[in-house]
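Protein chains: 4
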Amino acid sequence: MSDTVRVGIVGSRFAAMLHAESYKRLPYVKMVAVAAKDNLVEFGGQYGIADCYEDAADLFARDDLDLISVCVPNFLHHQIVLQAVAAGHKSLICEKPLATNLADGKEMIDACDRAGVRLMYAEDWCYAPALMRAKQIIDEGGIGKLLYVKAKECHNGSHSIYAQRKEYCGGGALLHLGVHPIAWARWLVGQEVTEVVGSVTGGEASNLLHTSYTGEDWGVAVMTFANGVKAVCEGNYLTCGGMDDFVEIYGSDGVIKVDVTFGSPLRVYSRPGYAYAVEKADTTKGWTQPAVDEFNSLGYCGEISAFVDCVRFDRPAQRGLTGQDGLVSLGIVLAAYRSSETGRAVRMDEFLAEAASGKKASGKKAPARAKAAR
Amino acid sequence: MSDTVRVGIVGSRFAAMLHAESYKRLPYVKMVAVAAKDNLVEFGGQYGIADCYEDAADLFARDDLDLISVCVPNFLHHQIVLQAVAAGHKSLICEKPLATNLADGKEMIDACDRAGVRLMYAEDWCYAPALMRAKQIIDEGGIGKLLYVKAKECHNGSHSIYAQRKEYCGGGALLHLGVHPIAWARWLVGQEVTEVVGSVTGGEASNLLHTSYTGEDWGVAVMTFANGVKAVCEGNYLTCGGMDDFVEIYGSDGVIKVDVTFGSPLRVYSRPGYAYAVEKADTTKGWTQPAVDEFNSLGYCGEISAFVDCVRFDRPAQRGLTGQDGLVSLGIVLAAYRSSETGRAVRMDEFLAEAASGKKASGKKAPARAKAAR
Amino acid sequence: MSDTVRVGIVGSRFAAMLHAESYKRLPYVKMVAVAAKDNLVEFGGQYGIADCYEDAADLFARDDLDLISVCVPNFLHHQIVLQAVAAGHKSLICEKPLATNLADGKEMIDACDRAGVRLMYAEDWCYAPALMRAKQIIDEGGIGKLLYVKAKECHNGSHSIYAQRKEYCGGGALLHLGVHPIAWARWLVGQEVTEVVGSVTGGEASNLLHTSYTGEDWGVAVMTFANGVKAVCEGNYLTCGGMDDFVEIYGSDGVIKVDVTFGSPLRVYSRPGYAYAVEKADTTKGWTQPAVDEFNSLGYCGEISAFVDCVRFDRPAQRGLTGQDGLVSLGIVLAAYRSSETGRAVRMDEFLAEAASGKKASGKKAPARAKAAR
Amino acid sequence: MSDTVRVGIVGSRFAAMLHAESYKRLPYVKMVAVAAKDNLVEFGGQYGIADCYEDAADLFARDDLDLISVCVPNFLHHQIVLQAVAAGHKSLICEKPLATNLADGKEMIDACDRAGVRLMYAEDWCYAPALMRAKQIIDEGGIGKLLYVKAKECHNGSHSIYAQRKEYCGGGALLHLGVHPIAWARWLVGQEVTEVVGSVTGGEASNLLHTSYTGEDWGVAVMTFANGVKAVCEGNYLTCGGMDDFVEIYGSDGVIKVDVTFGSPLRVYSRPGYAYAVEKADTTKGWTQPAVDEFNSLGYCGEISAFVDCVRFDRPAQRGLTGQDGLVSLGIVLAAYRSSETGRAVRMDEFLAEAASGKKASGKKAPARAKAAR
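Protein chains in written order, with this note's numbering: chain A, -10 to 363; chain B, -10 to 363; chain C, -10 to 363; chain D, -10 to 363.
FYI, nobody ran anything at the bench for these hints, they're computed from the structure.
Be aware that one or more of the hints could be misleading.
Copies of one chain are not kept apart here, so a pair can be met inside one copy or by any two copies together.
Said to hold, decoys possible - Below, in silico cross-link-like pairs of lysine-lysine (DSS-like), each with a Cα-Cα straight-line distance of 25 Å or less: (1) K246 <-> K269; (2) K79 <-> K269; (3) K124 <-> K13; (4) K13 <-> K269; (5) K95 <-> K124; (6) K19 <-> K246; (7) K13 <-> K134; (8) K274 <-> K79; (9) K26 <-> K13; (10) K274 <-> K26; (11) K134 <-> K19; (12) K134 <-> K269; (13) K246 <-> K13; (14) K274 <-> K246; (15) K19 <-> K95; (16) K246 <-> K79; (17) K79 <-> K13; (18) K26 <-> K134; (19) K79 <-> K19; (20) K274 <-> K13; (21) K269 <-> K19; (22) K19 <-> K274.
If you're wondering where the values come from, they're calculated on a predicted model, not measured in any experiment.
Using the sequences and the hints, build the whole thing.
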């Protein structure tokens, strides 16, 4: 076990900030390098990172890094991970989604496997304390046998051009937001999804609200697991008032509901407003329920701490948080796109086999049916 | 305007009780007759109804009734309504769902139309005060343009054999419970549904929990309206702890969430328990949020009062509460069954045309795909 | 039992509106006359009242009124009630507080008693549906033996000059708002208060926020009942965000909490805002919990209906809602003022005896100690 | 800065467990010794503490301890602290309340001052994350000028004989529970209390529920601060359903409410029950709102971490967490007892001066008035 884990971060925007805020709480972590195209000096300064590079290659050229966080826009995950592997780095954290299409994701995993790289998939929901507590109660038998899960992440849209366009993001709200509840539901159920029925808006003029976005602004995936458990997962950009992450878990003898983002012990009425309430809220005036410590409650601190421990104690990423888990979660979203496009339920085994056979099973084409439906 | 509205009730169980509780709050209503196979004397005694008949035909033979409530099991709605029409009665309230298949429902409506009968469809959600308040806020522009609706009614299953078997009920949870949110969403949006994607469990061994029920114990319908608005409606029997009716309404500039059943101003912790908390709750011990006045908050009082006013002031049933509205709501549920069976999205115009052409578009066959998926 | 109850209202502002809104829901009530110094034509027009008088004497001169609502500023209750009695009217509803001092209140009650007048004291809390439901649960044994009650009514101050000045109001927040929880707690416990410990701010410069008000802007009364039950009641003008009426009831085996004003089933996020959320809220933008039907949920509808039934069925006002109950509630507030002034616990029997002996036990003098304490 | 902080704990019951759970989360802390009369081996085993002593003197005889936690029953705080000081230890954490009377507390502080001992007072509320977040919002101007605070800690009574008897505890619910909100309110306001009005039940037959307890089972203290701010703090043993720590903070332009114990993002309905919901809850069946991580949310982790940092970085205890702060908080509770006994408001300067002059201003005598009041 090394005394200090030396970290490099690729990226300097929102996701990079989430990682850095989590790293800085760990006494045995030192953030030593960052690489980014912009916001570089500001980011480095804010987190006391000594070495700032404009080119990720310069960061990868170092041989003193124990762990690298890949926090670039979705469409660059593929290239940056391959570059890090080629440079000989052995522990990588890749932000969600793993990639923007299955072929890219498969290539990343294969490269890591060949090179003996520990590829960790950053699904923070698996470490959100309230959701871990829910799992604990289920494991204690508190709701009997698990039958059905509902989960969503929704907000009112991102200002980032990388989130608004499918070519950068790989999809719209169901991919960018919905991949959280989908990955988490799969982790919770502990089984593979066998069938997906999806419904998403069609992007641009076919969207409900954000007609300038090329990806969907609303999407739902109905999933059936191998053991029959059902899940309904959702991501949308139609939700004002702050990010809404909500979970319902139904068992044979009980129910658990978790209000991940608004389940705060505080209620505030403020005329002048204050600094910050919750992610994506557009005001702090009037009544709000500010998060106490969002980096923690959304799971970022726990996730990063767990990944750092994988490095410290030379362990693989836990179940649900490997590159392969990221790949499957991506596959479920893309299967939901396929279902919405074709108006048909999609069997996951067929869908993944088709993807593996070389036909790219992506969501790149605008879903024709959804457009027509409007 | 008549001074007193004289009411006859057919049925003596749960739905009949809901009607009677609502009638008795209206000073200008007199319940004069009830017909039922069982529980007759008890019911009549409880509500001070003078004349109790074992055969509905005897009730229909009277010529002094201004209004008749049809509160029999679903599969008998068809027969009882036709019987009432044949006997010359002119104002009927039919409980939900209108019928167990579209052909029956169509026949009921046609018969009423021919005979000039006012057929009122008892969708209490349209009169739930909290949901009416939500509509008022939408109408005032409080959330901008309406985009998306989520709504559900869920509980842990019914003890009534009529609810547990498709041959009596016409379906399972999506029909018996989900028809409330579906009818309400259609009324709120004020447009017709063009497409339905449905997912339901398959009944019996294919159910998640209630393997003795022949209808589904879980169902979701994703609906697209003519103006592009989306709705996700759900009914399930997987929900412990009391009936859970919850609504979310998303607009371009706001959100409304309504906790219809648990949105009580009271929180109670009770060691000994007390008489009643909310519908279908299996305990009043520990922490509960008892309804203040469920007959009112679930909309029964408002609905019955509105129907009585239709008689008093000789008005047709309001939009959303006519027999035709009941027929369309039933059609949406049955289309969701079809979608789940076939694994395909269902276009409502095609589905209804097919039904009108004589092929019964019912949900009677067990949905093969849902079974296979488990 | 008369077919129609004919009502006259004295006053045309907030309290008069509350009465009129409640009367208009009752099919057997007809509002036939109103008397007020201002807002007369508008008020009469709004509620379809045919006869509008500038002088209450003209209203009292009529002999066709079955019931009169006294909705004038507090300091005029005494004069108007005496005037109505003198004119021969037999059923009066007096708004809270009964009077601004005990001598006035005593004179009103004596006059009514001598003339056989039914004097009803308008404590709406006793008819708030949520609080009635709480009482029902207590009566069912749900929380065991009643031990302790906390209750408050608080908002951010009134624009009415009659509420801001002690000479018109008789006190500040503890009288104007706190008299609701105090009267309700006494009604709930069903016992007399034996001792009061009070703490109030001193008005004007001694207030915490409203230094232009001559009455206190914050006040607490700790009450001990004859059976040992304790109550802590509060009224303050320090509470932003809408009127906050909250109740906690502690028993030997349970707890009941009632969020009378914010315990709504609706949660709304609105960017543009909408018409109305809750009493005294200064915005409808951002997150709000709008009341579904405040006239009903605050008890006005139930209270007025009960008073009208007293007239219809020639019954006395119920326990807790007689003039005498109003007098005792006023006495408790004034005893709290005395306690705050003197820094001593006040025994209610001594305090009331002293008042009866002719020394006016009012709260008119500025409480010296509270001032000094700042 | 020492690499590792070596900790000794005196006590092995509830408070000791809270300290140990917090210590074990800190990578730079090593718990090396524990002393206790009972539960010794179990406690040592649970937390991996190598050296277990039956006599605290043996623990104090060690010269390798950087920090000592005093977690014995209240009445032993005095003796144990003096013993630790005499043995030459330099950093002590004393559990609340500091002592059972002011003379003892003063002697402890004087001894520490003379010996240069860092005496830290364990008020966890000052480190409860939700309450720290509330303070941050106040500091950002979110509610304008602070005017008024309400705070309480309440549950249904303790099984510990040390909590049930005044001779061991120093008082009843207002001391044992209420000292938390009182110390926290004083820390938040940042001013001294000038006047206290108290009301408490009289113990034994004069209690509302727990007639076997010699201390009060209900108590309220109304406090006026030097700047005029008001606070109402409460502790009671009348509250079923789990420990209820609730805070309200009123400013000139806003309000903050913090539900410290029930403000969980989880709502659970469980038929079989599960391991643990919240402190002092007597069931996990039915509906519950389980704490996510109570050691953290109640402030224990933050408090212990802060104390350990005082040792690591050789800093004094922060404002509000010194022995002197503990003494003043105790004084406020005892002044509330005096006020309840005498039926008079108590000026804190006079009360503390009297105590300093040698007359023990304790709450030892049963409060005569409270008894009489029943």
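Okay, the hints, checked on the actual structure:
1. Proximity of K246 and K269 under a CA criterion of 25 Å is satisfied in both settings, with 22 Å inside one chain copy and 18 Å between copies.
2. Taking identical chains as interchangeable, the C-alpha atoms of K79 and K269 are never at most 25 Å apart, the minima being 35 Å within one chain and 48 Å between chains.
3. Taking identical chains as interchangeable, the C-alpha atoms of K124 and K13 lie at most 25 Å apart only when they sit on different chains, with a minimum of 23 Å there against 27 Å within one chain.
4. In the homo-oligomer, the alpha carbons of K13 and K269 lie at most 25 Å apart inside one protomer (23 Å), although the nearest pairing across protomers, at 35 Å, exceeds that limit.
5. For a Cα distance limit of 25 Å, the shortest separation of K95 from K124 qualifies neither inside one copy, at 30 Å, nor across copies, at 49 Å.
6. For the homomeric pair K19 and K246, neither the shortest alpha-carbon distance inside one copy (37 Å) nor that between copies (38 Å) is at most 25 Å.
7. Taking the shortest Cα distances, K13 and K134 never come within 25 Å of each other, neither inside one copy (39 Å) nor across copies (34 Å).
8. With identical chains, the CA atoms of K274 and K79 are never at most 25 Å apart, being 47 Å at best within one copy and 47 Å at best between copies.
9. Within a single copy, K26 and K13 get their C-alpha atoms as close as 22 Å, which meets the 25 Å cut-off; across copies the closest is 41 Å, which misses it.
10. In this assembly of identical chains, K274 and K26 lie within 25 Å of each other by CA distance neither inside one copy nor across copies; the values are 35 Å within and 39 Å between.
11. Within a single copy, K134 and K19 get their C-alpha atoms no closer than 43 Å, and across copies no closer than 41 Å, so neither meets the 25 Å cut-off.
12. In this assembly of identical chains, the alpha carbons of K134 and K269 lie at most 25 Å apart only when taken from different copies (20 Å versus 35 Å within one copy).
13. Proximity of K246 and K13 under a CA criterion of 25 Å is satisfied in neither setting, with 31 Å inside one chain copy and 30 Å between copies.
14. Taking CA atoms no more than 25 Å apart as the test, K274 paired with K246 passes between copies only; the shortest distance there is 15 Å, against 27 Å inside one copy.
15. For the identical chains of this complex, K19 and K95 are neighbours neither inside a copy (31 Å) nor across copies (45 Å), given an alpha-carbon limit of 25 Å.
16. Proximity of K246 to K79 under the C-alpha cut-off of 25 Å is found in neither arrangement, the shortest distances being 39 Å within a copy and 47 Å between copies.
17. When the C-alpha separation of K79 and K13 is checked against a cutoff of 25 Å, the pair qualifies only within one copy, where the shortest distance is 22 Å, while the shortest distance between copies is 31 Å.
18. In this homomeric assembly, K26 and K134 never come within 25 Å of each other (Cα to Cα): the closest approach is 49 Å inside a single copy and 39 Å across copies.
19. Taking CA atoms no more than 25 Å apart as the test, K79 paired with K19 passes inside one copy only; the shortest distance there is 17 Å, against 32 Å between copies.
20. In this assembly of identical chains, the alpha carbons of K274 and K13 never lie at most 25 Å apart, being 30 Å within a copy and 37 Å across copies at closest.
21. When the C-alpha separation of K269 and K19 is checked against a cutoff of 25 Å, the pair qualifies neither within a copy, at 29 Å, nor between copies, at 41 Å.
22. In this assembly of identical chains, K19 and K274 lie within 25 Å of each other by CA distance neither inside one copy nor across copies; the values are 38 Å within and 44 Å between.
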